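Could you put together the complete structure from these sequences and hints?
So the sequence shown is numbered by the working numbering: it starts at 1 and just counts up by one.
Calculated from the structure, these hints are not laboratory results.
Remember, predicted model here, so these are calculated numbers, not experimental data.
Among the hints, a few may not be true.
To be verified - Subject to a maximum C-alpha distance of 30 Å in a straight line, what follows is the list of computed DSSO-like cross-link-like pairs (lysine-lysine):
| id | residue 1 | residue 2 |
| --- | --- | --- |
| 1 | Lys150 | Lys160 |
| 2 | Lys150 | Lys20 |
| 3 | Lys150 | Lys167 |
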Amino acid sequence: MGSSEGAATAVTLSLVDPAKGHLLQSWDFEGQPLIRIGRAQDNDVVTLDHSVSRYHVELAFADGHWTLFSLGRNGVYVDDVRLSEARLNDGDVFQLASDGPKFQFANEAGAKPGSGTETLADATGLSFLSLDERKREEEVRQVTDGEFFKEIESRLAALKRRDEDAKSSE
1 MGSSEGAATA VTLSLVDPAK GHLLQSWDFE GQPLIRIGRA QDNDVVTLDH
51 SVSRYHVELA FADGHWTLFS LGRNGVYVDD VRLSEARLND GDVFQLASDG
101 PKFQFANEAG AKPGSGTETL ADATGLSFLS LDERKREEEV RQVTDGEFFK
151 EIESRLAALK RRDEDAKSSE
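Pasting the structure below:
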């Protein structure tokens, strides 16, 4: 693709709508030889999907090409085949876990402009994103219904009463 052996090429990773194949969100990388994807906040691309490991996949540029390395417990799939390592070509799509998010890899000429900007193709993308929202709401409900959270609420109410009593006695 016209890149030198040592210099990483421009890359765009795009989140793909699993139902329609539309690109939902893109991340652009210029000259970065290592790109990490996972749930941990220090990844280059962060996803909150529960089937994705904290450090799920690395894309590394070496010897003039990009290689995908699976680091996650639930694997990485290319064409429905679980792989631990795969050489990436422009336009390749890979999936994190068997039912996790799909990403399209675009190298140099295939890279899309618009660094880090979200591009919702249509409303179908919102239904895909709302799955995570339902999971989040369920998890929040589990936490807030727990005894520990109720104890914190009780202590907070007592502190508020104490503050109000202190203000009223001034």
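Tested hints:
Restraint check: the Cα-Cα separation between Lys150 and Lys160 comes to about 15 Å, which is no more than 30 Å; the hinted pair holds. For the hint pairing Lys150 with Lys20, the CA-to-CA distance comes to about 43 Å; that exceeds 30 Å, so the pair is violated. Among the hinted pairs, Lys150 with Lys167 is consistent with the structure: their alpha-carbon atoms are about 26 Å apart, no more than 30 Å.
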